[in-house]
Amino acid sequence: MKNQSTFSKIISWMSSAAGLTIVISVVVAIIATIDSGPFTLINAIVTGGMWALMSAGLSLLFGVMNLVNFAHGEFFMIGTLVAYFTFTPLHNIAKGNPGGVLMIVAPIIAILAATVVGLVFGAVMEKLVFLQLRKRSKEQWVMNTFLLTVGLSVIIINGTQLIWGTDFKGITRYWDVEPLHLWGINISVDRVAVFFIAVITMAIFWFFLRRTNLGRAVRAVSMDETGALMVGINLNRIQVLTVMLSSALAAMAGASLLFMFPSYPTVGLKPLYIAWYVVIIAGLGNVSGAIVGGFIVALLQTLTSFYIGVGWEDVIPTAIIMLILLIKPSGLFGSEVKGIHEQ
Amino acid sequence: MLEIKNISASYGFLQVLWDVSLKVERGEFVALLGPNGAGKTTTLKTIAGLLQPIGGDVLLEGKSIIDLPAHLINKQKISYISEKLNLFTAMTIEENLILGGYTIKDNDKKKESLAFVYELFPRLEERKKQLAGTLSGGERKMLAIGRGIMSSPEVMLVDEPSLGLAPNLTVDVFDALKTLVTRGVTILLVEQNVYTTLKITDRAYVLEHGKIVSEGVSADLLTQPHIKQAYLGI
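Top to bottom, those sequences are chains E and P. With positions in the first sequence counted from 1, the corresponding number in my numbering is that position plus 555. With positions in the second sequence counted from 1, the corresponding number in my numbering is that position plus 18.
Isolated chain E, as found in the complex:
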């Protein structure tokens, strides 16, 4: 009897929008793997993990503070920049001693440094910009945060350009080792490492939100600010924490993908657009939806560029998003937070 009810639960989940999307994505991924080998799938999983990090942060920011962040790409860019300036000198030292520990640890130090800078940068943004706006006016909040963050994005991009120039600051790879041979193809160690970084980070993030007191408080604020105040949650503290986390996740994604995206002032724009695709299809403010959505969008992109052409990479996901919004305006996975309309 119990088995039957679990079974019918699974069936009803599969016929819901979220279930359908996930099932269709898995089927498409399997077909593509059979048709073109595991390479597309691995690509999709690697980039998907990073889009998931970007979008989870963006989604959390919207969920908790109703903040429409168009400077999220700049968090990513700062991550690439910090990783580049940390990794290159370390790598030069390490080259003097091939086979040393530093060779293996340098990339990890670079990514951690970027994450820490991301945390600090997030705190500065909150204290200097968002808190100030919140203190002055809460009217038209969503529109104001949009305008404010677009402006910030322009300032940060041009500031970076002024200080560090427009040249590409990239690396060929993080780990100077032979690629792994899996299922008859070569996968660089970087990609595997990046995938694990994404998975571990998301697991910690998920655990934090679901199982710790502070994480529960973050979710509580996203659901009901007044309720959160009533149980004694300090809103300001949670808001600082949210911006810090969101910024750190994006910086970490940027640092991890440095070998794919060399650092230059506008490197964050594409990840920003992608993160917004993901957040929109997943449902605004839905963090776990954003994680799944990250993988789905990455799959769409890799398949499009493999079968149709790289030039179409952004066209197809955008078209699909427009379709989804026409059919289901609240996003595929719905939203567990208060919407813009209730403000």
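Since the hints were made in silico from the structure, they are not lab data. Treat the numbers as computed from the prediction; the structure is a model and nothing was measured. Possibly wrong hints are sitting among the right ones.
Below, simulated BS3-like cross-link-like pairs (lysine-lysine); rule was C-alpha separation at most 30 Å, straight line [to be verified]: (1) P:Lys-102 / E:Lys-690; (2) E:Lys-883 / P:Lys-147; (3) E:Lys-682 / P:Lys-93; (4) E:Lys-682 / P:Lys-123; (5) P:Lys-147 / E:Lys-693; (6) P:Lys-147 / P:Lys-95; (7) P:Lys-102 / E:Lys-883; (8) P:Lys-93 / E:Lys-690; (9) P:Lys-147 / E:Lys-564; (10) E:Lys-564 / P:Lys-127; (11) E:Lys-690 / P:Lys-23; (12) P:Lys-127 / E:Lys-690; (13) P:Lys-95 / P:Lys-127; (14) E:Lys-690 / P:Lys-81; (15) P:Lys-146 / E:Lys-693.
Mind docking chain P on chain E? Use the hints.
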């Protein structure tokens, strides 16, 4: 224990409270009655720190708490159960209750409170894994009161618990409040359900158009001509 002194409050240019004063002694069960729009909820919101009044003071054990930000009121052992309940709808019952004890750092104490809430409302324990947003009206009320109890408050401000409830559920909720009072909790209850409220409370204040128009022992108020005429229809 809790004293409100000459509170005046407004929403923008619209003044709602004029010089409202009331007093609740330790262990008392006091009602604040009045028609719609009289300013009952505004009074509670002011005590809970969610609304900054334009004048007056709120004293807890003689100390002013009027300047405390809303999130620190809970730490003063005051728990506010709002009319809208403000539950965390996408969380389970248990998560809501755990968050109710957010300010309690002692885990054993938290477990004790949780056990007490489940004893008071067995229904909540049966459904502890259910999302708060999927509960019925009565269960939501229970959850909101339960969440308020989790911080082991000394004073509870309860706003219209009978609103939208079937009469038998209203009785259940009032019984729960009565149990809390016998356990030593001081309760300030806002209600429109005048007859039942006057039956169970010790004292009552009547608020009309933002002013206290009468006050006294509940049993006496039941016989007062104005109350009888305006609220009881006899």
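Hint-by-hint comparison with the structure:
For the hint linking P:Lys-102 to E:Lys-690, the alpha-carbon distance of about 25 Å falls within 30 Å, and the restraint holds. Only pairs whose Cα atoms come within 30 Å are accepted, and E:Lys-883 paired with P:Lys-147 is accepted, the gap being roughly 28 Å. Only pairs whose Cα atoms come within 30 Å are accepted, and E:Lys-682 paired with P:Lys-93 is accepted, the gap being roughly 25 Å. Between E:Lys-682 and P:Lys-123 the CA atoms are separated by roughly 28 Å; this keeps the pair inside 30 Å, and the hint holds.
Between the alpha carbons of P:Lys-147 and E:Lys-693 the distance comes to roughly 35 Å, so the proposed pair goes past 30 Å and is violated. Proximity of P:Lys-147 to P:Lys-95 is assessed by CA-CA distance (about 27 Å); at most 30 Å being required, the pair is judged to hold. Proposed proximity of P:Lys-102 and E:Lys-883 is supported: the alpha carbons are some 29 Å apart, at most 30 Å. Restraint check: the Cα-Cα separation between P:Lys-93 and E:Lys-690 comes to about 24 Å, which is no more than 30 Å; the hinted pair holds.
A distance of roughly 16 Å separates the Cα atoms of P:Lys-147 and E:Lys-564; the hinted pair therefore holds under the 30 Å criterion. Distance hint between E:Lys-564 and P:Lys-127 is unfulfilled; the C-alpha atoms sit about 37 Å from each other, more than 30 Å. In summary, the hint linking E:Lys-690 to P:Lys-23 is supported, as the alpha carbons are separated by about 29 Å, within the 30 Å threshold. This hinted pair does not check out: P:Lys-127 and E:Lys-690 have alpha carbons roughly 37 Å apart, beyond 30 Å.
For the given pair, P:Lys-95 sits about 14 Å from P:Lys-127 by alpha-carbon distance, which is consistent with the 30 Å threshold. At roughly 28 Å between alpha-carbon atoms, E:Lys-690 and P:Lys-81 fall within 30 Å of each other, so this suggested pair holds. Distance check on the hinted pair: P:Lys-146 and E:Lys-693 sit about 36 Å apart at the alpha-carbon level, beyond 30 Å; violated.
Going down the numbered hints, you'll see the structure goes against 5, 10, 12 and 15, while the others check out.
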